[in-house]
Amino acid sequence: MKNRKYIIIPLLLMVFFTINSIYARNSKETIEVAVFTGPVGGLEPWLEVARNYEKLNPNIEVNIWGNPSIEDQLRPRIVRGDVPDTVFPRTLDLMTLANEGKIYQLDELLTEKAYGVEQNWEDVFKPGALNVGRLDDKQYFIPNAVNCVGWCYNKKMFDQYGWDVPQTWHELERLCAEIKNKGIVPIALAGNVPWYVRRSFTDLVVATGGVDAFTKASNLEPGTWNSPVFLKAAQRLRNLMDKGYIQPEAMGMNHTISQSEFVFSNTAMVWVNETLEREMRDVIPEDFEMRFFLTPTDEGPAKSAGAITLLWAVFEEGNNSQRGADFLKYVFSPENMINMYKKYNFVGPIDIPLEELGASDFLLSARNAVKEAGEMYSIDLVFKWYPTLDEEVANALTSMLNKEISPEEAVNRMEAEAERIRNNEDIIKYKL
Amino acid sequence: MLKKEKTVLTITFLFPALCMYSVFVLYPIFRAFYICFFKWSGLSANMTFVGFNNFIKLFTNDPIFWMSFKQTLLYLVIICVATLFLALLFATVVSQGLKWSKFFQIIFFWPSLLSIVAVSVLWIFIYSPRLGVLNSLLRLIGLDGWTRIWLAEKGTALPSVAFTIIWMWVGFYMVLFISGLQKIPEELYEAARIDGANSLQSFRYITVPLMWETLRVAFVYILIQAFKLFAPVYVMTQGAPDRTTENLATYIYKTAFHYNEWGYATAMGVIMFLFILCITMMTRRLTKRQTVQY
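Taken in order, these protein sequences are the chains called A and B.
Going by this note's numbering, the letters in the first sequence line up with residues 1 to 432, in that order.
Going by this note's numbering, the letters in the second sequence line up with residues 1001 to 1294, in that order.
No lab work stands behind these hints, which were simulated from the structure alone.
Source: prediction; values computed, not measured.
One or more of the hints may lead you astray.
[As the list claims (entries may be wrong)] Quick list of in silico lysine-lysine cross-link-like pairs, DSSO-like style, CA-CA up to 30 angstroms:
no., chain 1, residue 1, chain 2, residue 2
1, B, K1039, A, K384
2, B, K1057, A, K431
3, B, K1039, A, K102
Sequences and hints are given; from them, build the entire structure.
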């Protein structure tokens, strides 16, 4: 064959480059990261984080993948013992995994320098943010964000009618009455989404009785779920519905619809969390202005902020857990968080200079409200520990708001489920 | 020799399908019968043998299971009766050879072609209390008092979910019945008319007996489908409000994936499997008739 060289040379080149790339790949350290792509919007932001990390660590290759249901792929791998290094799941039972010793502890890493700054890693977090990832006094998890439950209000409407941000619970109730007198529905609520109602209730419990009341209930102390504090909170929530301060159709609305009701000025406020602006950015009218406040107490403004949390973790059994933890340190570095805010409007658990970054007035008002409150607690943790309690609390509240049971019956149901869990030796008990 | 070669050929072609069936259907079933005797979180290779404890708990200490079971039977009755009745009615009307009958066949059959999740999401919007089509229509015709929070009120949630399923399935069974009806010779109806039978009598003494096998197959099939129903219930209500729409499938799913009690969930699955098996066999036995030849 005359033209054999035209076949052999490309073939040899192909073999050469294949071997070269295999060699290059094998000579690099790899870490595997699995992410739930919901909160930030797709995999692209995380791919960018991975590439930036690789630039800082040229001998590392980050194999990052993700989708809205990574748990389905992770579960069989966890059983097999073939786990990624770092994960950010939505519904995986990380608590059980931590209890079984499968989660890497991050306490030591927190005392090391953070990426790009002189401070220790633990010092770059918002005050109280790391608490939501602690279990049995050890740091197992890093929160993806610490978005706090509170009230988004229509600033233009408030200014128009001369309404002030309520400083106590009673002022809030009086404000609702005033708003209703103007023919406007005061509150939108995602009543059809169990955890939204449950979060509002928990928020109210803490506003009524302090974090301590909720901590005791989280520790399943007898008589806490139907204590006077919980009962008062339930009665207050029911009162809002009975007096027509919450939209009557609220129990049939999901969070998108209830938030839409608010941004289209059908209600004056929505009881949700500070991610509303980012979630609804495509539909918020241009001239719409909103601000944020936390649920006030009987005595004055909020003293604590209830954070919603999804958690990152590193698997102890991962092929490269240490490096996986280091990747986590990069993800939650000021530099990366600033970048993610600028590009994707994502606010994580790290304290970044939002004013300098041109953050919206809404975001600044939310950040300031949380800062002024001082203390942060996890509004979700106990319900991650005990999913049946989560469901029963949500069911009881739904029935109460549908006026099928009284507040007393609702809190008694919660206490009954707490007792059932307390008495069941097969269920692992956690403590705050 | 030829027979032997034919057998070998048959097995060769069946083998891949049999492998797939064994791996993805038979193996999980047999494995379920094994896992149901263990306590397992689903997150580790360690399983603790508990014997019959899962079944004892199920029968003596789980009121939610029995509530879900009762609601499953409710779904079964509503969906089976309404779907088959409407399907037979539509099939009978559409088979009359009336004008536009082909068009109506397509209209009624079309929902069964859609994704069940897409249909569930569509009906969430239809049932939406403020902006949904249903309440808006009721307000438009002056029936404001009839508006409801369809998926959030205890009295309306389960029927609303059931109606969605009926809407989706009627078309499929209608087509099944049409093919059955078309096999019945027209002469039988003519003879009946000559003998003075009215429409109802023709339906009862000609249509039903000659359609019996088709009806029987349809009934068993819809029974199994309705018993295993998961997607519409989970997408539309997740068992809410306060578990009033919860059926066995959603409760088993939650027990496994939310509560991480895989051993117990599997035990419930085994009971569900045995129940469906018994009820199917019973239904086939009770509805067995001598085949009518014509």
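Verification of the supplied hints:
Only pairs whose Cα atoms come within 30 angstroms are accepted, and K1039/B paired with K384/A is accepted, the gap being roughly 20 angstroms. Taken as a hint, the K1057/B and K431/A pair is honoured in the structure, with Cα atoms around 27 angstroms apart against an allowance of 30 angstroms. For the given pair, K1039/B sits about 19 angstroms from K102/A by alpha-carbon distance, which is consistent with the 30 angstroms threshold.
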